Amino acid sequence: AQSVSQHNHHVILSEAASLELGCNYSYGGTVNLFWYVQYPGQHLQLLLKYFSGDPLVKGIKGFEAEFIKSKFSFNLRKPSVQWSDTAEYFCAVNPSGTYKYIFGTGTRLKVLA
Amino acid sequence: DVKVTQSSRYLVKRTGEKVFLECVQDMDHENMFWYRQDPGLGLRLIYFSYDVKMKEKGDIPEGYSVSREKKERFSLILESASTNQTSMYLCASSLIGAEREREQYFGPGTRLTVT
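From first to last, the protein sequence lines stand for chains A and B.
Residue numbers for the first sequence follow this note's numbering, so the first one is 402 and each next one is one higher.
Residue numbers for the second sequence follow this note's numbering, so the first one is 32 and each next one is one higher.
Honestly, the hints are just simulated from the structure, not real lab data.
Quantities reported herein were computed from a predicted structural model and do not represent experimental measurements.
Do not rely on the hints blindly, as some may be mistaken.
Computed from the model, here is a short list of chain B residues facing chain A with C-beta under 7 Å [to be verified]:
| no. | residue |
| --- | --- |
| 1 | Gly73 |
| 2 | Gly128 |
| 3 | Phe137 |
Sample of chain A residues lacking proximity to chain B, with all beta carbon distances greater than 12 Å (derived) [said to hold, decoys possible]:
| no. | residue |
| --- | --- |
| 4 | Leu414 |
| 5 | Ser427 |
| 6 | Tyr428 |
| 7 | Lys450 |
| 8 | Leu457 |
| 9 | Gly463 |
| 10 | Glu467 |
Glycine included, every Cβ here is placed at the ideal spot set by N, Cα and C.
For reference, chain A alone in the conformation it holds in the complex:
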């Protein structure tokens, strides 16, 4: 069955630390990849997406992610986190040609001021 793994369930960082959140998926075909963020009390919103082309994609608020096809991974990075990045982050995979999205279990990030 198709699945998405986010291995880090809870991450605590100090401001200015670098962030990398892992995302691995199990699907052999072509995929579209997403990272969503949910700030406390707010709805899920898109951080960035990958469809094709350059495997390094840049999103909002200084986030970026790299698609490594050979590793079935789409890790999220930010060089220097801020207190306002405290949120839950979800990786999602959309197998190409389908309307189905498979979400990971999420990673709760807490940034200490």
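Starting from the known structure of chain A, arrange chain B on it as the hints suggest.
Positioned in the frame of chain A, the structure of chain B alone reads:
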């Protein structure tokens, strides 16, 4: 600006009640989705619809049904609410078009408690 709205932010219902959760989008999107979000389990797809009156089961459809009579509105129905349906329910919508346009837009969620 893209908008997905859900009828209630918080809802408390009794076991056995029939519950309706409503979702409306103003973006003329063809696809609409219902998920439930539980701690440690992420988002799990209940049902989705790719057109008016069309629906497909997701991963956890048991105990739920849906209705899509108009393009902009997608309703989730709990036929007989049970305590294990206490959860956050999220509605989303997306275009059918080119894959690069198919990101999902989410509503604010309805936190349902069944007592």
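Q: Decide, holds or violated, for the assertion that all CB atoms of chain B are farther than 12 Å from the CB of Lys450/A.
A: violated (6 Å)
(Q) Beyond 12 Å on every Cβ pair: is that true for Glu467/A relative to chain B? (A) holds (18 Å)
Q. Was Ser427/A rightly flagged as not at the interface, with every chain B Cβ beyond 12 Å?
A. holds (15 Å)
Q) With d taken as the least Cβ-Cβ distance between Leu414/A and chain B, does d exceed 12 Å? A) holds (21 Å)
Q: Say whether it holds or is violated: Tyr428/A keeps its Cβ farther than 12 Å from all Cβ of chain B.
A: holds (15 Å)
Q.
Please check whether the beta-carbon of Leu457/A is more than 12 Å away from every beta-carbon in chain B.
A. Non-interface label stands for Leu457/A: nearest chain B Cβ at 16 Å, farther than 12 Å.
Q: Have a go at the Phe137/B hint: is there a Cβ in chain A nearer than 7 Å to its own Cβ?
A: holds (4 Å)
Q: Verify that the Cβ of Gly463/A lies farther than 12 Å from every Cβ atom of chain B, and report whether the claim holds or is violated.
A: holds (19 Å)
Q | Interface restraint verdict for Gly128/B against chain A (beta-carbon cut-off 7 Å) | A | Constraint on Gly128/B not satisfied, violated at 11 Å.
(Q) Interface hint check: Gly73/B, Cβ to nearest Cβ on chain A, cutoff 7 Å. Holds or violated? (A) Gly73/B check passes; min Cβ-Cβ to chain A is 4 Å, inside 7 Å.
This entry does not satisfy hints 2 and 7, going by the numbered hints stated previously.
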